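Using the hints, build the complex out of the two chains.
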Amino acid sequence: MSAELVLASGGIDCHLMSGCGFPAPGAEIFQFDAVFSFTVGSLEFNITKVTILLFIVVVVLLGFFLYAFRRPQLVPRGAQNVGELGYLFIRDGIAREAMGKEGDKFVPFLFSFFFLIWMSNFVGIVPFAQIPITSIFAIPVAFALIVYLTWVPLGIYRQGFGPFFKNMLFPPGVPKAMYGLLAPIEFISNIIVRPFTHSVRLFANMFAGHLLIASFSVATFYLISASVIGIMGSVASFAVTIALTGFEILIQALQAYIFTLLTAVYISGALHAEH
Amino acid sequence: MMNVFAAVSTAITASGGEGGEEMPSVLAVPVDELVIGIIAFLVVFGVLGKLALPKIKATLEERTHTIEGGIKRAEEAQAEAQRSLDEYKILLAQGREEASAIRTQAQADRTAIIEEARAEARVAAAQVTAAAEAQMAAERAQATASLTRQVGEMAVGLAGKVIGQALTDDARVRATVDDFLADLEQQAAR
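Line order of the protein sequences matches chains A and B.
Start counting the first sequence at 1; every next residue gets the next number (the numbering used here).
Start counting the second sequence at 1001; every next residue gets the next number (the numbering used here).
Among the hints, a few may not be true.
Calculated cross-link-like contacts (lysine-lysine; reagent style PhoX-like; alpha-carbon spacing at most 25 Å) [as the list claims (entries may be wrong)]:
#1 A:LYS101 x B:LYS1055
#2 B:LYS1057 x B:LYS1072
#3 A:LYS101 x B:LYS1072
#4 A:LYS101 x B:LYS1050
#5 A:LYS176 x A:LYS166
#6 A:LYS105 x B:LYS1055
#7 A:LYS105 x B:LYS1057
#8 B:LYS1057 x A:LYS101
#9 B:LYS1050 x A:LYS105
Note that these hints are calculated values from the structure, not bench results.
Being a predicted model, the structure only gives us computed values, none of them experimental.
The following block holds chain B by itself, in its conformation from the complex (with noise of 0.2 Å):
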């Protein structure tokens, strides 16, 4: 090739050089501006091709990594929060559930208790009432066996004063005076 260039050149020098002056032309290319232009390129493509240009590769490279990692991350983070979300209404569903149910069940009881508590009362209040009458009832027996004998014996005295005469221990006299309490209790159950 750089035989060409050289017989072109030669050819253009011929042409054009007809001041005598010797001039070079622009078209020829001197072997040692060729190597210094072939070790030019060299230098630079071996110092940049080798230190610089596989550090920037390598960084270009892991940012994509990063990037696209990051993308990939939020993509997983965005799922696990729509999968605890999901949880979180089932659980909170299931907590209503349950609430609503011990609700119910705590009213039934409330009702349950109320009403053993109410008849629990009411037997007592009974049991009381119960005993009340019949300790009344003794009592009044035992006023009245009391209160009978009392009068009894006074209306015997009275009738032993008004009649002039003992009349203890007869039996005569004791008849007639039940018959006449009998008559007294009669009237007094009317």
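With the rest of the complex left out, here is chain A (with noise of 0.2 Å):
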């Protein structure tokens, strides 16, 4: 069933005093049909309204950035100005912060990531998208995937892979007796852990924002009926929407600030040894 499906026969006629439960929203407004499928050998791709709206993020990306981008000028102005803005915020203060002088190299790697993952969650909030792309598992999933694959063989190539793991498992300046619980809670939390909490850290915020936005968007249309309780309640929900709504937008920034400033903390780390 999808998401669509299930706000519609949930909400048209659903009221509060109809005899109707309060229809909660759940899981199955973050699931879409596939609008079309194709395969590609042995592997079936289900296009739906999330990978569409992610072809579009893509899309809009490219086309501002290039436009932005196309001459720029020593002295900028308007798209450039903005789009500079964008650059100088993630070399000065993600890779610069996190790396050095040597992070420069790594910026488009970085930038990349953060105005996909930010566009990806704003989505959320852009009428008639309203899903934050970002909020679907898998699309956080292969962003911490690629940031994995990229870390860690950066980390072997650059340290050698002894050096690597044992800088990583016996960090320097601890008592050798203590190496034997410390290894494999390093190994546990740096090699396994790491990429499901990176991932899973901006799926459950986006995820959540969205659910409450949709609990009370429901909210707000299941509350109108012939009370007063009713109607104060709708008003009520409806200003907690929009409150929601503005603190998304800071929630979407914010995430993605944090998702793009892990992986440059990782590639730090696997640059050089980090104690």
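Structure (structure tokens):
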């Protein structure tokens, strides 16, 4: 059952006092039917609303930055100003912050992550789109997987296989007796849990935010009825929906920033021994 | 890693799916969506990293260089201006000194020239005076001589007439006349 279908069937005729329970939105609002499908090799691709939105986000993103940086001027104006602001934010605020001057090489990588994630999050409050692409778990997993497959080989390449794991599992400055306890914890936290937390942090935030907005939107509609409490509740829910939407704008940017900053920190740790 | 997710998602679906409705868990990671997500990032990374970001990186570096170059040029220009000012001041001081020397020299020259002119004038005046005096003396002498002769002749004539005899060319007469004239001259000189 698709998200639209659930909201529609639960929504229109279902109000307070009409003998209808509150149709609380659940996990089903994150499920979308395939618009069309095609098969490449043995893998069937289901193109859903989310995939189409992701495609649009990629096109808009590329369009904007290719336009903004088409002929960069020494004295910037218009779109170049905005684009430069973004570039300098990533370079100075994330890359150099985490890795120093060496971070300049990774600016395109971090830049792509930040803006792709930010825009994917932002789609959640764009009318008619109204689903954060990153609240579909596979998308943050894909991003975290790319980061994981970047920093681990990078660390092995830069430090060498032995030193890379030795630095990670046996950090210096710790009593030798502690290594028996520390090494497994470090291994689990860095190699196994890290990509999971990296993706879940982004996913869970966007998922929860969207669910909250959806709940209050449904409540606004559900509470419209011939009763004072119902009307008051509806107005209050509407106000909360607006407030949450504003809050969500903040969270969207913040989560994109956190994901990108962590990426920079992981890469930085791979370039040099952490301690 | 995908196996981990799959296991987790299966577990959640199994425990939560009491409605019997076949609803995939929100933690499910369909391979097609995963692949699409990876492709989306790679496209963004590839296009921006190849086409857009190198340009802006170059521009930002160029801007930094321009600004640094501008500052350097300004510093050079300032140093140059300072050097010119110093040079100018030195030249001005030299000029002043020279002017003062020239003025002093001119003053001295002027005095000398005036003195010379004055001396020349004095000499010339003296010459003129001397010439005039000489001429006057000559004329007086001539006049005196002529007068003396005429007076002599007149006196002799007169005396001849008085005495009634010609005393011409007589030595005594001449001596008498000369005495007379010498008396006259003495009187005139007195």
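The hints, checked one at a time:
In summary, the hint linking LYS101 (chain A) to LYS1055 (chain B) is supported, as the alpha carbons are separated by about 19 Å, within the 25 Å threshold. Distance hint between LYS1057 (chain B) and LYS1072 (chain B) is fulfilled; the C-alpha atoms sit about 22 Å from each other, no more than 25 Å. For a cut-off of 25 Å, the pair hint linking LYS101 (chain A) to LYS1072 (chain B) stands: about 24 Å separates their Cα positions. Proposed proximity of LYS101 (chain A) and LYS1050 (chain B) is supported: the alpha carbons are some 21 Å apart, at most 25 Å.
With a C-alpha separation of about 13 Å, the suggested pairing of LYS176 (chain A) with LYS166 (chain A) holds against the 25 Å cut-off. With a C-alpha separation of about 14 Å, the suggested pairing of LYS105 (chain A) with LYS1055 (chain B) holds against the 25 Å cut-off. A hinted pair counts as satisfied when its Cα atoms are at most 25 Å apart, and LYS105 (chain A) with LYS1057 (chain B) qualifies at roughly 11 Å. Between the alpha carbons of LYS1057 (chain B) and LYS101 (chain A) the distance comes to roughly 14 Å, so the proposed pair stays at or under 25 Å and holds.
Only pairs whose Cα atoms come within 25 Å are accepted, and LYS1050 (chain B) paired with LYS105 (chain A) is accepted, the gap being roughly 13 Å.
The structure shown violates none of the earlier numbered hints.
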